[in-house]
Each structure stands twice: as C-alpha cells, then as structure tokens.
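A.B. asks: Those sequence lines, one after another, are chains A and B.
First residue of the first sequence: 273, per our numbering; consecutive thereafter.
First residue of the second sequence: 18, per our numbering; consecutive thereafter.
These are computed hints drawn from the structure, not numbers from a lab.
Be a bit skeptical, because a hint or two may be false.
Claimed, not checked - Listed next, with one range per pair, are the computed distances between beta-carbon atoms:
| hint | chain 1 | residue 1 | chain 2 | residue 2 | range |
| --- | --- | --- | --- | --- | --- |
| 1 | A | Pro353 | B | Gly27 | 24 to 30 Å |
| 2 | A | Pro602 | B | Asp37 | 55 to 61 Å |
| 3 | B | Ala112 | A | Pro469 | 37 to 43 Å |
| 4 | A | Pro469 | B | Gly27 | 37 to 43 Å |
| 5 | A | Ala332 | B | Gly27 | 18 to 24 Å |
We put the beta carbon where it would ideally sit given N, CA and C, even for glycine.
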Amino acid sequence: MKSVVIIGAGPAGIRAAQTLVAHGVRPVLLDEAARGGGQIYRRQPANFKRSAIKLYGFEARKAKALHQTIDALREQLDYRPDTLVWNAEAGALDTLHEGRAARLEFSRVIVATGATDRILPVPGWTLPGAYSLGAAQIALKFQGCSIGERVVFAGSGPLLYLVAYQYAKAGANVIAVLDSSPFSAQARALPGLLSQPSTLAKGIYYRTWLTAHGIPVHQGATLKRIDGQHRVQSLNWRNATSEHRIECDAVAFAHGLRSETQLADLLGCEFTWNPLNRAWLPQRDSAGRSSIAEVYLAGDGAGIMGADAAEMAGERAALALLEDIGYLIPPQRATRLEQSLQTIGRFRQGLERAFLFPESWATDAADDLMICRCEEVRAGDIRQVVREGHWEINRVKAHCRVGMGRCQGRMCGAAAAEIIACESQRAVSDIGRLRAQAPIKPLPFGLEVEP
Amino acid sequence: MALLKRLAEGDRLALDFTLDGVPARGLLGDTLLTAVLTCSEHLRGSDFSAEPRAGFCLMGACQDCWVRLGDGRRVRACSTLLEAGQHISREPGRAL
C-alpha cells in the first residue's frame, strides 16, 4: 500500500506526524538529520550534557515538548532518520540512506523542508571563519563550539540578536553586532510587531542584554568586506557617516531566511511571487494544500513564518490531509489554527519592516564580488551575461553557471537574482524563478540501488 | 591554529584519527567538521582557485565541507560524526 509521507522532522513535520497518528494513520517520516527537531530545535549528540535551558533559552519548553513528541511517537511511525529525499515526482520520492538509494511511493505527502540563511555576499565571504548566522548557532548548539575567538555578527533578522546573545551567554568573545537596518525602520515597524508582544519582548531583551554587557550594537551598519590571509583577520563596516575596521577572526552574517522549495518544485507545485519573502513560493491555501491534490506544504519551507507557526501549520496541513481522505476532523481546531497563523503573519510583516532588505546591495556590489561560491562566479560575470541580452535567471545560469554548482543556488540564488534584476533594470519578481533539478543534493558514486 | 573554539562539553571520550596522515584527536560526538577545525584552519580547497574553505552553512546545504575518508567515501563534514581511527583527508582543490 502507498504511504502517507512527511518530509522533514522539524516543528512542522513532527506536529503533522503527531496529528496523523492521533487519527490512526501511520505515516512515514523522512528526515535528513540523525535526530528529529529541525534546525532551530536541533538536538545535540546523545552524549552531550547541557540542559534544554542552556541550549534553547526562552524556547526550552517548546523544544523539549517537540523532542518528547517525536520520541513518544517513534513506535507509531515509520520514522526514517539519516534519509535524504533527493528527487520527487508524481506519486514517488527517491531517497538515500547509508549509501543506498530507494524509491518510496506515496499516496499523499506533507512537505516540511525548512529553510536556510538568506545570504547577500560581501568580499571575503568564502574565507575560513566566515559563516552564516545559522551555522554559528549550530556550531554552538550542536557542537558546543564558537566559530572563533573574536566573533562579529552582521546582517539583519531576528537570528542576528538571538545568536549574538547565545554566544555571549556561552562565554564567547562577541566583538560587535552590526545590524544593517536603521533604527527608524524598527520604530516604524512597532505596530505590526505588537501583534506578538512576547516575541517582541524577547527581541528587545536580547538587544538590551548585549548592550548592558558592553557589547557594541550598531544600527544602520553595513558589513562591507572581510579580509584575511587564508582566514578571517578583520572586517570593514560602514554607517551613514563613516567606515570602520574591526580586528576579528570570525564573522557570521545573513539577511533573514529563505525557504527550501526544491522538492515542492519537483513535485510540480505552482509557484507565485511573494513580496514579503522576496521569493517565489509554492502556492498553498490557508490549510496548507498546494496546487497538487496529493501534496501539502507546512513550515518555513513554504514561506518564512518561524517555528511557532511551523508547529501550527504542520498540524493544520495534517488535518487537511485527513479531511481529504475521508476522516472527520474537529472544525473548531482547524479554524483556531488558521486564526493563530494569521496573527503570526501580521507579526511577520512587522518583522520585515523592522529588518529591511538592503535594496542597494546589488547596486553596491563590485564586479569582482564572488556571488557563487561553488563555481566561483563573480557579479561581473553575471552582469556580462545580462549585457548580452539575457535576463531570465535560468538562461543566465546556463551562460555563466551561477547557481549550477553543488549547492544548486541555495547560497547564491537570492543574490544572483538581485544582480540580474538590477543590471537588467527589471523588478526581482520579473526575471523568472530558478528551477530545481534532481538530485537536489550531490549523490555519492557507487550508489547501491535497492530492488 | 584552530578555527573553531570549544566552549562547552569538553568532558567527552577522546577519539584518535588522522588528518592528511598526521595523528589528531577529537571527541566523541564531534562532527568531522568540528574535529578537523578545532585542530586546523580549513577543510578543502575550492574547485576553481584552490582557496581554502571551511564550510559555511553547517546544515548540509552549501556543500562546501566535503572531505574524503580512508575507505574512499566523500562525505559532508558538517553532517558526519567522527569515529575512532578514521583517516580524513582534505582535497587541495584545483586552480584554473
């Protein structure tokens, strides 16, 4: 019999699994990680001893609840950790587990593939010691390590202050926090942010804590370049009035998050441009139904809403799935989840106003700025292709290989789109959508295929 | 010189491995990335300029932390746990 399958064991996938099990369905839960939890509630290895409070701070209760849920469900699920889904098509997924490839047919699938950092490159970003904000957090949470001895955090988004705070709290030497958003933007965003007062309060707490502990927090501060011989040794940043240099051996930066949409794409979902995410996202209704009848979408993989929303969206999508295969579902619960998701959506709009996208990034990018770190494609290479008359991102990719490397545009796609739009004088929504291709992550040679 | 700095969880079983043939030591629960970058400064050379790289995303997305193991397998260092006796080698990359 074909299975009901969930891809991703983060907040959305775990709550989806729990909801299906509660109604008597035994889903297959596929997860690339060894232990469930996703990225934000990622679990440390089993022999580590730090408490949940140490690891997750204010979110400890939620993290523990999610981990307990997946642990308690194990026997009622076909749970497959360490399993990469590398291809998807109508009715089937191709997986990789311990070097063996297999095909899994599904009747319905909930795609909960999460997000990675949205990166706008700066000169020197490929140097050892330069990491994404998410990477810096994983080093600490998952491995008990700091990315360096003297660390600077830069960019924008809620993760910026959170990770800086977590590092300082863990005893790392945080040299500075460079927030590219001006204070005025954050003041203007307050009405939207007040829709989630406790989340707003946490953000203010982190920033206040940093300042109270003598860590310089600069607003309207743009990371300009990272310098060093073979590793990070210093960086330059500037604000409205002047440029500054900081000696440091590590820097973590990002501008918010971007959704992992490759599998939704390969499954044939329709995409629409989402101005808030500044990205193409798979279409979904308020319950999580995609444009394809058997495919449901939940969590940050379908649009950045954060972990709380992901838990709700996972449950809501599972209820929709159950309803569609003939189960009776509690209608009040479905309505309540959708109302809560709407409230978080308003907060998300406020966040976007507070942490403004740096519109001038593409204009300011020098021709020799490396955009694609896999294929080493520079801004000038992309501009040259645009000047030859190409403006559709997949055509540009075909000509200069930007987004064609091992990461398939996960790190460079957003930046490449900005450069193409700027150079062709089009809106970033009018240059097409970078298509996904299987395998969505590299596969090893000598792959064994299960019969 | 190390790139990463251990801040917590130092009280773990030590595991010996080799890095490019040289004896090295990590801890049980380390990823290959942690084990290598707490005793050295990079993981691989890039494919077009042989510049040193040390990973970037740590969540299996950027594909910039691949290393080779003694049995010939190429693995992502950020998502592979260290085992005692492993022979890890770093590929120097290629320059155009």
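A.B. asks: If a hint holds in the structure, say so; if it doesn't, say that too.
C.D. replies: Results of checking the hints against the structure:
Taken as a hint, the range 24 to 30 Å holds for the pair Pro353 of chain A and Gly27 of chain B, whose Cβ atoms sit roughly 27 Å apart. Hint check: Pro602 of chain A to Asp37 of chain B, Cβ distance near 59 Å, so the stated range 55 to 61 Å holds. For Ala112 of chain B and Pro469 of chain A, the hinted distance range of 37 to 43 Å is not satisfied, since their beta carbons lie about 55 Å from each other. Our hint of 37 to 43 Å for Pro469 of chain A and Gly27 of chain B holds, since their Cβ atoms are close to 39 Å apart.
Ala332 of chain A and Gly27 of chain B have their C-beta atoms about 22 Å apart, which keeps the hinted 18 to 24 Å range intact.
Violation of the numbered hints given earlier is confined to hint 3; every other hint is satisfied by the structure.
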